[in-house]
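K.L.:
Each chain is listed here by its residues.
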Amino acid sequence: MKVKQFKSFGLPLLIFIFSLLGNYWIWSFWSKNKYWEFLLMIGISCLLVLFNARKGPAKFLLLFLPLLVILLKPGSKTIFYLNDLDIYSVNQRRSYYQNPLLGRFFENKLNRYVFNYEKNLFEGIDINYYFFATHPRERLGVDEIKKFPELVLPLFLIGLYFSLKRKQLLSIFYFLSSLLIAAFFSPIDTFSFFFFPFLVINIYFGIKECLIFFISTRRKPSPLTDELDK
Amino acid sequence: MKKSSKEIFFLSFVFLLGILLRFYRLPSVPTGVFRDEAAFGYNAYSILTTGKDEYGKSFPLMFRSFGDYKMPVYTYLTVLSVRTWGLNVFSTRFFSAFFGSLTVMVVFFLVTAIFSEKRFWLALLSAFIFAVSPWSIFFSRAAFEANVALFFFLTAFLMQIKAFEKGSKIFLFASAFIYSLSTYTYIVEKLLSPVFFLLFSIILAKKKSQNAKIRPKIVLLSFFLFLIVSLPQFFILRFAAGNNRIESLSIIKAEDFAKVESNPAQIFSVLRKPLSLYAAYFSSRNLFFEPDSDPQRSLPELSVFYSWMVIPFFLGFYLLLAKEGDYSKKIILPFLFLVPVPAALTGDPFSTLRALPLIFPLVILISLGIEKIYLVISNKRAAVPLISVFFLLSIAYLVRSIFFLLPEERYFEWNYGYEELAEELKEFPGAKVLIDDPVGVSYIQMLFFNQYPPAKVQEEFNFDLSRYYQMGDWKNQSKVGDFEARPLVWGKDNLEKDILVARVVGISPAQIKIHSLTELFAIIGPDRKIIFNAFITNRGIKQLGYGSSFETP
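Here the protein sequences come in this chain order: A and B. FYI, the numbering used here numbers position 102 of the first sequence as 102, with every residue one higher than the one before it. FYI, the numbering used here numbers position 270 of the second sequence as 270, with every residue one higher than the one before it.
Pulled out of the complex, with its shape left as it was, chain A reads as follows (with noise of 0.2 Å):
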């Protein structure tokens, strides 16, 4: 009984942890003070994991968490402030058109707000900016922290890739939804650590797919390989 209860509570849980706290980010929130973000990371990626295989709309709650916690916190520069050479950018090209309304057309605020804002959102979605470090193209100001191990990428692409095909989609619903609006503050950085659940995860669930793979080819049927896919 207690083995049976290993294989599907105990195994999952440990793998759980190891993939909640086996990475350098989580401990970069706690080794510059950032208890509350640290304690906020850990607690919504065992929501996400806790809800993911659930039926029900109140789940969906947890989409709007980012957006509660980045209202709650003022002051953030976002997408909408321009610097003196943005705006000297805007009209030096705006002399590049014979036809004025051209110029206008394309060299706007708008435009560089529009420009400011898939900035952030790229580096959000950019797989070197979570497992090397934004390596190879460092961004300029910018401390870039290594935050996942380069090993474990392949285990968070197929985690990512089971999530999809099983249809779990709120850990990809929760990413977007942080992504949109963690995407209007400038750099990416200051609400890039509502990604980490996201990646945690997939990053659990790649795992949980590999040992699943690699015991089922051993030896099947196994009970384990029946609690873990449950």
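Keep in mind the hints are simulated off the structure, nothing from the lab.
Pairwise CB distance ranges, derived in the manner of DEER restraints:
id, chain 1, residue 1, chain 2, residue 2, range
1, B, Arg503, A, Val142, 28 to 36 Å
2, B, Pro334, A, Tyr81, 39 to 47 Å
3, A, Lys109, B, Leu237, 51 to 59 Å
4, B, Pro264, A, Lys109, 51 to 59 Å
5, B, Glu255, A, Glu150, 17 to 25 Å
6, A, Glu150, B, Ser116, 38 to 46 Å
7, B, Leu198, A, Asn83, 52 to 60 Å
8, A, Asn91, B, Glu460, 43 to 51 Å
By construction, the Cβ of each residue, glycine as well, lies at the ideal position given by its N, Cα and C atoms.
For chain A, the structure is supplied; the task is to place chain B on it using the hints.
P.N.:
Chain B in isolation, oriented as in the chain A frame:
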């Protein structure tokens, strides 16, 4: 399969759009002629008029140029265009734009070959995305040998698929021949072509096993043909011409192997860099937002695809992965994961030039995604205008980047100003001119724009041809006729030269005063900033017969 007139109309439209975006204002955009382009053009001119390159080597297998040993196909092709239109910017860029346009059609036929003849609209969409993609358009608008190599590479791949589909030996031999031709065109294809020929022969043979007319013996014979045609390159592999480029670009060095040999655990630290570089070729930030970090190889504010395409890209990738045992998946995935390998082994963070073949699988993934989005939208009347709006906006931003931002913001990187400089210097015949150039390669621009007689250049270079393929070093100086390009040496050049030409920061006001230089003229850029300043020395004033009261225009 016979195509309807509607299909032919749309296909022609895509092809013509591809031609328009590649040829419109080809000589003037990008503004300027990059030194490699000038080298292609001038060496083609030299081959045409003398049968030898600038150093006097008859029909070389690789062109020494600046010691970088350029692959030969682009130069030999350019001989034809130079013969037709003379030595100018258009003739130098012509074949890149020409093959870039033709590749649009190759993409169309490849997609129908991989999926099915019935997937006309998917193939058309892929050809359209390729035709309007900033990646292909940019590299088609300048003399980039990689762009021609892409055409050969994809054509060979198409032939290979057709060979196994039809059981045609001729197609397989043609494929092997064109693959080997691509190895003479660009360095990346040199590494990819043999792997692709063998690997895809295995994959394709498995698929068509039910009517396999291509026996393994034929595959081996074709590969033998590939090796025979590629053989001359192996002879120079031991010289600088064969290995200089690979050795200088590769990030994995001999000491890394020694490190791993002494401590196998070091393999992770050795592989970390190439792995991160490899991952960068699949990073959506690089593919859809941030351009190549080399400003000479990218468009301002445009990456290789449009930013909105990130959604169909992920969708298409997922759809392809989710297909169980699908034939197209077996072709596209190895293609996708293999082509960035050579690029990832070089130090550049995201080299769009070296990873150019990656455009093909990415175009397919994006097309699959867009097709799915179209199918999901229930109101078909709304779907087409919606998708069209995205494409129209994309083309508008492409026009902005190519025709408005590029000429104004990247002219310096594109070596603008040498044509104007050559024109100005014609006013001073016989003057000894020094161009302050830290790498000493600007002589080629002067040769190009002055159409300097190649026979005279060969005579002046007086190169040791017995060591032609071994001279990979470059001494940062070159002298042809009255022009010399190298770093300026004060105390020597101001006494021995008549005219000194330098960038704005090259000669300071204090140096002008100390060395009694007189400003002769300035070359101004499109943004009205000075690119070059030309000064006449005291010697120049005397030698050129000007009085002490000489005043600049």
